Amino acid sequence: MLDLLWLVPVLPLAGFLALTFAGRRLAKPAVTAIGVGSVGLSSLVAGAVAAAFLGHMPPGGVHRQILWRWFDVAGLRPEISLHLDALSLVMILVVTGVGFLIHLYSAQFMEEDADFARFFASMNLFVAMMLVLVLAGDLLLLYLGWEGVGLCSFLLIGFWYGEPANVLAARKAFVVTRVGDVAMAIGLFILVDRLGTLDLQAVVARAEAQWAPGSAAVVAVAALLLGGAVGKSAQLPLQTWLPDAMAGPTPVSALIHAATMVTAGVYLVARTGGLFELAPSIRTAVAVIGTATLLLAAGAALVQRDIKRILAYSTISQLGYMFLGLGVGSASAAIFHLVTHAFFKALLFLGAGAVIYACHHEHDIFRLGGLRRSLPTVTWTFVAGAAALAGFPLVTAGFYSKDLVLWRAFAGGHFLLWGAGLLGAFVTALYSFRLVFVVFWGETGTEAGARPGWRMTVPLTILAALSLVGGWLGLPAVLEPVLGAAEEMAEPHGTELLLQVLAGVVSLGGIALAWALYGRPGRHGDPVADALGPVGRWWRAGWGFDALYDRLFVRPYDAVARALEKDPVDRLPAAAAGLARGFHRALALTQNGRLRWYALSLAAGATFALYLVLTL
Amino acid sequence: MKLVALVLVPLLGGLLAWPLGRRRTEWARIAAVLALGVDLALALSLLGPAGPGGWLATFELPWIPSLGIGLRLGLDGLSLVLVLLTLLVGLLAVFASWSEIRERVGFFHFNLCWVLAGILGVFLALDLVLFYFLWELMLVPMVFLIALWGHERKTYAAIKFFLYTQASGLLMLLAILGLGLAHQRAAGSWSFAYGDLLGVSLEPTLALWLMLGFFAAFAVKLPVVVLHTWLPDAHSQAPTAGSMVLAALLLKTGAYGLLRFAIPLFPDASVRFAPVAMVLGAIGVIYGAVLAFAQTDLKRLVAYTSVSHLGFVLLGIYAWTSFSLTGTVLQMVAHGLSTGALFVLAGALYERTHTRDLERLRGLAPVVPRMGAAALFFALASLGLPGLGNFVAEFLVLVGAWEVRPIPTTIAALGLVAATLYSLRFFQRAFHGPAAEAELADLRPRELTVLGAMGVALLWLGLAPQPLFEVVAPALDVLLRTAGGTP
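Quick note, the sequences are listed as chains A and B, same order.
Position one of the first sequence corresponds to residue 21 (the working numbering), numbered consecutively onward.
Position one of the second sequence corresponds to residue -9 (the working numbering), numbered consecutively onward.
Because the hints were derived from the structure by calculation, they are not lab data.
For clarity, every value in this text was computed on a predicted model and none was experimentally measured.
Be careful, since some hints might not be right.
What the hints assert, rightly or not - If the Cβ cut is set under 7 Å, some of the chain B residues that face chain A in the computed set are:
1) 219
2) 407
3) 414
As the list claims (entries may be wrong) - Negatives, chain B to chain A, calculated, CB over 10 Å:
4) 51
5) 88
6) 183
Even for Gly, the Cβ is constructed at its ideal location relative to N, Cα and C.
Turn these sequences into a full structure, and let the hints guide you.
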């Protein structure tokens, strides 16, 4: 069964190829069958592989499938190989499982779109590339998947490319993440130069053997890999592309910009954890970046009006929690939160999509309202997702995973980071239920038109169930053998329990405040944004990063390009040509056909020659 | 003999195409296709295990024995890869101009075949006088291709191209003569054979000057920034086939010259010069990318991307490591294919819309979806997307250059971001945005075949380039050993 692993990425890839080359000639049902079916089959194979893997753990907990050797130059032999261990297993289950549900949902959501086949082709390619990313046994192949998902993200953000704003958003996403990718590439150069390999296992093994903790090379490599991760996972300072990426169709936001691609950075840091362990300063940087991002993005989410932008900032913020988990040395907590977040954030996006679908593409939450009556399934599943996001105690998955991250931060002695994370959790609860109460409670705003059919409600229901019970999966126990056991706990379990109660209280407090401000009838406007005033507007604009980068990078680059457009170097030969022409003109003047002038110049020349002969 | 035939077949094909084209234009095209096809088969028959010195085949015939000048040809893995690229791109160029070129068709194919023959000869010549002769041979028909079948400013572009190449070629001729003289002084007899001149010991200052003579000629062709300004004019004014040959092949003769002659003949001088060259390469990567981003003429944009991509080649050559040289060779091939394809697309767009102005091309994706998909594919190749040949090439160049000089390498790596900017700008400007209200024909089967072949080749180079590496590896090892690198 394990030998079928290659089918997991190949099936969606085949779907992509079929839809690309024959998509426009196929009827919609056929396109649906290929587009949704390929990912569905892939998830079945992934499930079977998982059963085989867990039933019969291969030696070392790793199954490797080498497909072919990419190339072999001067001792560097990257392979196109698949690496299955507990970590990649969890990832492929999430990618294919959540991916399938989102594809199924899209079959209805995108039904009226003229470019139905192009949509599914791009989605299938995305799933294939994401699977390559998480299954790659070699950092170079991982990089292929990494850039591949970036490409699909670009294609799908700009899916409705008739609108110039979408085109710009797509380009922004590609370019900003590519800045991180180049950092990552340079990290790979150093690895090849110093360790002579990019094989995941060999890199970590050789790094441990060759590099002292904190040595310059490993710090540089870890910092550069972090650069890549920060770009892909929209962390400070490369977070600016994600809110704009909401220009894509909503299922795209659910799949790529919430559940899977944006978590690639978290996956990368977890996967190369051995390197980060050797570079403690960079690991601390991971935690600090994560914490700063989670606070900033939570603040921004609190004052957005566009339902998708709220969720986008929320995603950035939740990714910040994952980085915090990684940074305090608990990759298993980070991956646990990655998985539960994939469930509840995909759910929230799909729910938002159902609202947008029903309410004539209305994105402004303050023009929506009271939808609880007309869209009951959407409402209750959305509430389940929001509760998980807010960390509603005991009955939601998000509570357990977020709590584990915070507990590991506390247990590691990072009290400041823990406090910041707790503050973030409060804001998270507040903004997620601000969204719920404004959209689904209160007076009816835009009337719901089209009702979602089973292809939309089934994924919502399944994801809602997972958002609630996913916390009992016991993932950390499965992951710890791969990601390293948790460090010795400094505090006894009593403290953990106390902190859990505290986290629960904070979450409930946030929800209660949201109810007080937004839930009760008779609310006017947006109390939080009104209270914050100009600060709120600053936060709404994403803390002004776009304006800053526009001044620092975009406009100067444009100005330089415009100044150089005509290629100043070309002036040199033009000047030479001008000089030659000048000489030519001057000499031509002497050929004026006047006999007297010729005689004079002849005489002058002869005199000069004579003078030379006589004096020298 | 096969090596002589390799050059002669296209020459004869050209001679045949000229008169045939006067009778029926199709005959000229078919004659060119046949000649190049036969030549391609001939080149493929030379694949095999490398002999001593990495040679797959050699040929020698005395020409002017008193001066030690001979018809010396040699083919190693490096030459073979470039010969195959030349013939493949040559064939595709004939197909790409099938509907574009309608005037003086016979003479057009004569010139095309003769340029290709000159290029093939350059990749084979192992006698420096012969090399110079062939170097000039490829120049004249190329000038005709630009001047007769080009666009609005074709005369200006052709003259500029001629002057740059001719002037720098003369510097190389002086250097060749100087080197011959040095050999005569040292050995007592004249020789211009590559093998004889390799070992000539030179006084360092003289070596530096002679090396710079060679470098000048190759730097103009490559092009190295500051000497590049002929290129945007020539590329944008030439007809599609001309642009393809220029970008895919002619520029590579510069790289080949550096690899085969400038560095092995003057290893010590090259070591001294390498830091300068690598910095020039990095500057070229960035400068070309920024200028490509600024252009509004589609063909000029693509032309500047060549300046950027060949910056990687310069960087890789002067890093002189196994990684960087392997990457350089792959970059030459991959750039030939991806840029060639972009010129095919630019030509196809021009044929349909009669404009190359990016300000006027808008929203074409819904109108010509196949063309949009093809443009996206080759734009992605150009920005170095993994899975396509250009990525492996640039990765290897940068890895190799990193070991030697990290700072110019980092600057060049930033070129990958700049490449993203110009590639996306080109693609999104022309194909995205509000749908164009024009009725245009999508890619025709012949165009699809040409682009498809180039696309498949790029995928192959991106995912399993090992066969190509196997062919060039022995040749590169020999070069590295000759010039004191570490293979």
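Hints, one by one, checked against the model:
no.: 1; hint: 219; verdict: 4 Å, holds
no.: 2; hint: 407; verdict: 5 Å, holds
no.: 3; hint: 414; verdict: 5 Å, holds
no.: 4; hint: 51; verdict: 37 Å, holds
no.: 5; hint: 88; verdict: 24 Å, holds
no.: 6; hint: 183; verdict: 31 Å, holds
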